[in-house]
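Engineer: Next come the chains, spelled out residue by residue.
2 protein chains.
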Amino acid sequence: MTFEIKERDAAGRLCHFTTKHGDVTTPNLLPVINPNKMMITPKEMKRRFGIDILITNSYIIYKNPELKKKALESGVHALIDFDGSIMTDSGTFQNYVYGDVHLDPIEIVQFQRDIKSDIGTILDVFGTPGQTKTVSEQGVQETIERAIKSIPHKGEMLLACPVQGSVYPELREHCARQLSALSADFFPIGGVVPLMENQRYSDLVRCILAAKQGLDPSKPVHLFGAGHPLVFSLAVALGCDFFDSSAYAKYANDGRMIFQWGTEKFDDLTELPCSCPICSKYTKAELAELDSKERTTQIALHNLYISFMELKIIRVAITEGWLWELVEQRAAANPFLSEALRVLREPTLLNWLEQYEPASKKTAVFYTGPQTMYRPMMFRYHKRLLSRYEPLFHTTVVFPEGTKPYSMFYSREMNHILKHKNVNLVVQSTLGPVPFELDEMYPLAQSVFPLCIDQETEEKAQQLMEKFLGNTDVIGWDNYASISSEEPLKHPMDFDKRRISAVSDMQFGRGASEALFTERLRIVKSKRTGKIRNIICDGYHVVSMRAEDGLFTLKIEGGHRLHKRIKHPLLRVVAADDAVPFIKEGKSLFAKFVLECDPDLRPFDECLIVDEQDTFLGVGRTLLTRSEMLSFRHGVAVKTRESIKQG
Amino acid sequence: MTFEIKERDAAGRLCHFTTKHGDVTTPNLLPVINPNKMMITPKEMKRRFGIDILITNSYIIYKNPELKKKALESGVHALIDFDGSIMTDSGTFQNYVYGDVHLDPIEIVQFQRDIKSDIGTILDVFGTPGQTKTVSEQGVQETIERAIKSIPHKGEMLLACPVQGSVYPELREHCARQLSALSADFFPIGGVVPLMENQRYSDLVRCILAAKQGLDPSKPVHLFGAGHPLVFSLAVALGCDFFDSSAYAKYANDGRMIFQWGTEKFDDLTELPCSCPICSKYTKAELAELDSKERTTQIALHNLYISFMELKIIRVAITEGWLWELVEQRAAANPFLSEALRVLREPTLLNWLEQYEPASKKTAVFYTGPQTMYRPMMFRYHKRLLSRYEPLFHTTVVFPEGTKPYSMFYSREMNHILKHKNVNLVVQSTLGPVPFELDEMYPLAQSVFPLCIDQETEEKAQQLMEKFLGNTDVIGWDNYASISSEEPLKHPMDFDKRRISAVSDMQFGRGASEALFTERLRIVKSKRTGKIRNIICDGYHVVSMRAEDGLFTLKIEGGHRLHKRIKHPLLRVVAADDAVPFIKEGKSLFAKFVLECDPDLRPFDECLIVDEQDTFLGVGRTLLTRSEMLSFRHGVAVKTRESIKQG
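The listed protein sequences correspond, in order, to chains A and B. For the first sequence, this note's numbering begins at 1 and goes up steadily by one. For the second sequence, this note's numbering begins at 1001 and goes up steadily by one.
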């Protein structure tokens, strides 16, 4: 098995996953195939949806003498006629539903191995939401013990060990941690179907996050039994990689059609509100006229088209960096989902999410409502503003807010004020306080907020403003404007210095600007846009400012300077000796060669690459968080930008 | 032409529209066909999307000698090979874009008539958003004059007269009112393309609403140049019936794909986040490999699939009653659209919207955020609660809030309190105050609000609570609970009486309960649900309470009683003498026979049908608002439930 992060957004990730039967891109959906009665064959699914992976039930095969015989003789792939990856479930869910499944936990794992399942599942103990903590604890313990006993029997099969623990976050995290310590390959989050059936999405979110906090980040996470696309984007944003859907068939049998916003009864619809190939081929009336079995199949196909479309949208959103926007859009379709989003405002959970949030994204931050103010990226900005930004003066001029508050002042008015150099300029924006020096830095200039903001957002921005201003003296914009004159700004360099100093502190931490910049400073600007591009100190190119996000890219000289002044372990990624020669050649640092990493580095942050003795090797851009670097066996941890010469 | 409302929600409507070339269901989209170069032929559009109507440009035909000749000889339908309805534009937009269109306004109308366009358009004066009010006023005046001069030349062609007036609501309304007084058939809202291009959706909303307030409600309204599905649902909710799209082709030429949430560059996409037949047939890589012209056509087809899908979703939402939910979902995809929704909180606009809001709907009210509290239905509930609901006692017990606050108390606790009959029971819910007597009435029991509510919603609910309680004495639930005992409720009838009294006042106005109910009262309940079904007074069946929305259906006896005690014109729809015999036979009252209507009646309200002398004829359910009844020539105004015997 390989599992490797290729793209990321929120705490979600787009990964390449391989089994003996081929490659799979995550997030992905495993359609559930009932080997007894296939409504749609795996072949047809492959043709229509390009599926690479599916899930079937080993218990059903095991119980049916004919299927069992065939599976043991020629393997599960031949049995259901599919040459992609096959995951098998163990009968746990059947035991939960029917209550009378008598199975030997080891035997069913051996059976899955023997029928050559790519990913088998242990017979875990399904924890129901209603059970007491004591009962749940026993179930967790039993699950862990079965995992321990099952692993020696897995052979070449990957083994999935579900995380249980009912609605008790501490049990979920404990279970996840224990299973992660074993050599399990794949982690379903189990026992969540009753939560989803009752739209208890807040509890679902807590279960996922508790599990994720205990799990080895380098293994795939599967939300067991999640088949409605409504929850996909949120679950992915929290770090789930796989879903499985029997919903497509169950809902179809029940005459229900799945949509992005929920479910509709076929009979109640006046027309088909969809453009999938099924709904484009048939009108509602034509579909109604088909015989019942054929109609059910067509509805099941529609359900799969919608489900796979949602996964495609999610993968595009991850790649382009608008996964939170998508999550918030979906939450607008369902009050319980929207309630669940509020759970993510809890400080410990927000802190966990913030770790995974990329340093910048390809797409602007789009405001969708008060919840936007609580996105991990906003949380980070506010936290850093209060801890890393240092106002130069005690007197601050506060500007009123606007959609793009900063850019509108870039003109006469700002220049008038800037020549009185003993003031700070701050915009009271809808994102909270924005010092002028930071106005091109992600996410400030890359945010699209409407002019009219919800009251909650306004108040939150106001609170942050007050916290930020603390006990500095404040002059309002109106007062100041009246004393301004028409004279142009005399020393634009002064403001540019303030900008590079403030941005570098925000990006690398306090003290970074002193480390990077000295008096012999040359600031090179773009002729076209007038924006800062390169900063040359004492004749050396130290850093570049990126046009797209207003953040710095480190040059080797910048790395040297930071390394000298900013103490270990800050900003460092520590490479193992084996990797050192490759770093020196400018090659990327792979996760498996990372020994340590500054826990404050975020994905896509600029970093220093050092060896075990803290010898400076080069500068690069992280692709992973610390915990990912330390657990992943595949993939790049740091993309090296420049390295010291080999010598 | 016929134009008839079939379904409705918000201020939107699903209508049947007919021209000489057939039937069209609105809301609908007219693809723009360029007669010079058809990227997709009308025939192919008919085959794929089942289009019944399209729009082409008479100016382009007129300017091209060959096209002109052919069109005059064999008609525009033959020219573009389409046998459905064809609308033609006049060259106004070309004049706006290129500025050098010299056309005689009358000649171009005559030309459209002569080529047998189903709907021609006058050469109106395009008002740009940047122009002064004076310039805009001149343009409006010129447009009105051209309309006056053009109408005599329309022949059998329907004539569209665009509403202009730039961003000045009073000019828009004036223009709309003047054009409505003429015998124009179709009203485009013009000059809005620059607003949409700049995502000035707040201004767009003001333009639409100003126009709608001046327009004859019985004529189709077309949002000229709106081709991006992002704005469709909001525009429909405000009363637009038609859109036209050249966007599908323009965007495709520019390599851009339309999605529900916005637009994506084809080249930037890693995969195609869609399940339409095009995106299901091709992968991104396969589409990229097609030759450029073919790829553009395929992208244009995708763009149309998405656009028509949105219209199908909207039509389903209207029929099922979740158009506001859809609008709010779409607003979550775009900050400017979300900003535009806030415009609808302005009291005059909210008052206008409330007129059109159905009395109840098939679907529950789904909460999507603070904006839900400002929906016309919520506004109506709060308004009526403050003006029509009369608390019986000065002492009120206030319950804490919950998702479905009322139902959870339907038990021991409520019974304990109810036997102390000198208190009102009120739940402090997320929808504002909910007196127990109203807890099964739409929209209260039919609302799905999450437990965690945005701060703004909480505050709004709190404000309403304070306003509602006024200076009554309040006891908190905790205090009260402590003094309750285990004794069961002794006289459940007392509470049932309070319920029917409160609901009838809320539904029909103060005094209705006294008019309807007397002391000799029998309340018949459902054996299965225990809910009130029928109310018998003095041996007569007066009203029934509907299970689905907890509102009353009037029986003929109920109508008699209301008619006797509630003064003209309240609750009345006045039928012309010609219609009286039909009403007496129990037939529906058609709009063209309505002489007057109580302006406080809302669509789907119960009403009294009377003649000009206020003789009581029967009871029914309105399908239209007063203004619609007085202007529509087609369709049912009141569905008669029962009528007095013919005699």
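To be clear, the hints were calculated from the coordinates, so they are not data collected in a lab. Hints are supplied without guarantee of correctness; some may be wrong.
As the list claims (entries may be wrong) - Derived PhoX-like pairs: lysine-lysine, alpha-carbon spacing no greater than 25 Å straight-line:
#1 B/K1046 - B/K1250
#2 B/K1281 - A/K312
#3 B/K1293 - A/K284
#4 B/K1383 - B/K1362
#5 A/K284 - B/K1046
#6 B/K1567 - B/K1555
#7 B/K1265 - A/K362
#8 B/K1281 - A/K43
#9 B/K1250 - B/K1037
#10 B/K1531 - B/K1564
#11 A/K6 - B/K1265
#12 B/K1043 - A/K284
#13 B/K1006 - A/K265
#14 B/K1284 - A/K46
#15 B/K1587 - A/K284
#16 B/K1284 - A/K281
#17 B/K1362 - A/K265
#18 B/K1555 - B/K1467
#19 B/K1567 - B/K1467
#20 A/K265 - B/K1312
#21 A/K284 - B/K1006
#22 B/K1645 - A/K281
#23 A/K531 - A/K564
#24 A/K362 - B/K1284
#25 B/K1046 - A/K312
#26 B/K1567 - B/K1362
#27 A/K43 - B/K1284
#28 A/K284 - B/K1281
#29 B/K1284 - A/K6
#30 A/K281 - B/K1046
#31 B/K1037 - B/K1362
#32 B/K1555 - A/K312
#33 A/K281 - B/K1383
#34 A/K312 - B/K1068
#35 B/K1281 - A/K281
#36 B/K1293 - B/K1281
#37 B/K1037 - B/K1006
#38 B/K1281 - A/K46
Engineer: Keeping to a limit of 25 Å between CA atoms, is the pair of A/K265 and B/K1312 held or broken?
Structural biologist: holds, 16 Å
Engineer: Taking only the CA atoms, is the gap from A/K6 to B/K1265 under or equal to 25 Å?
Structural biologist: Distance ~21 Å between A/K6 and B/K1265 Cα, so the pair holds.
Engineer: Given the hint that A/K284 pairs with B/K1046, does the C-alpha gap stay at or below 25 Å?
Structural biologist: holds, 17 Å
Engineer: B/K1046 and A/K312: Cα distance at most 25 Å?
Structural biologist: violated, 29 Å
Engineer: Within a Cα-Cα threshold of 25 Å, do B/K1284 and A/K6 meet the stated pairing?
Structural biologist: holds, 18 Å
Engineer: Against the 25 Å threshold, does the CA-CA distance of B/K1284 and A/K281 hold or violate the hint?
Structural biologist: Distance of about 22 Å is within 25 Å: holds.
Engineer: Quick one, are B/K1281 and A/K46 close enough, alpha carbons at most 25 Å?
Structural biologist: Roughly 13 Å separates the two Cα atoms, so the pair holds.
Engineer: Taking 25 Å as the top limit, are the C-alpha atoms of B/K1362 and A/K265 close enough?
Structural biologist: holds, 13 Å
Engineer: Could you grab the alpha-carbon distance between B/K1046 and B/K1250 and see if it respects the 25 Å cut-off?
Structural biologist: This hinted pair holds, its Cα atoms lying about 20 Å apart.
Engineer: For the pair supplied as a hint, B/K1555 and B/K1467, confirm whether the alpha-carbon distance does not exceed 25 Å.
Structural biologist: violated, 35 Å
Engineer: Is the Cα-Cα distance between B/K1043 and A/K284 25 Å or less?
Structural biologist: holds, 22 Å
Engineer: Holds or violated: B/K1281 with A/K312, Cα cutoff 25 Å?
Structural biologist: holds, 15 Å
In this structure, the hints that do not hold are numbers 3, 10, 15, 18, 19, 22, 23, 25, 26, 31, 32, 33, 34, 37, in rising order.
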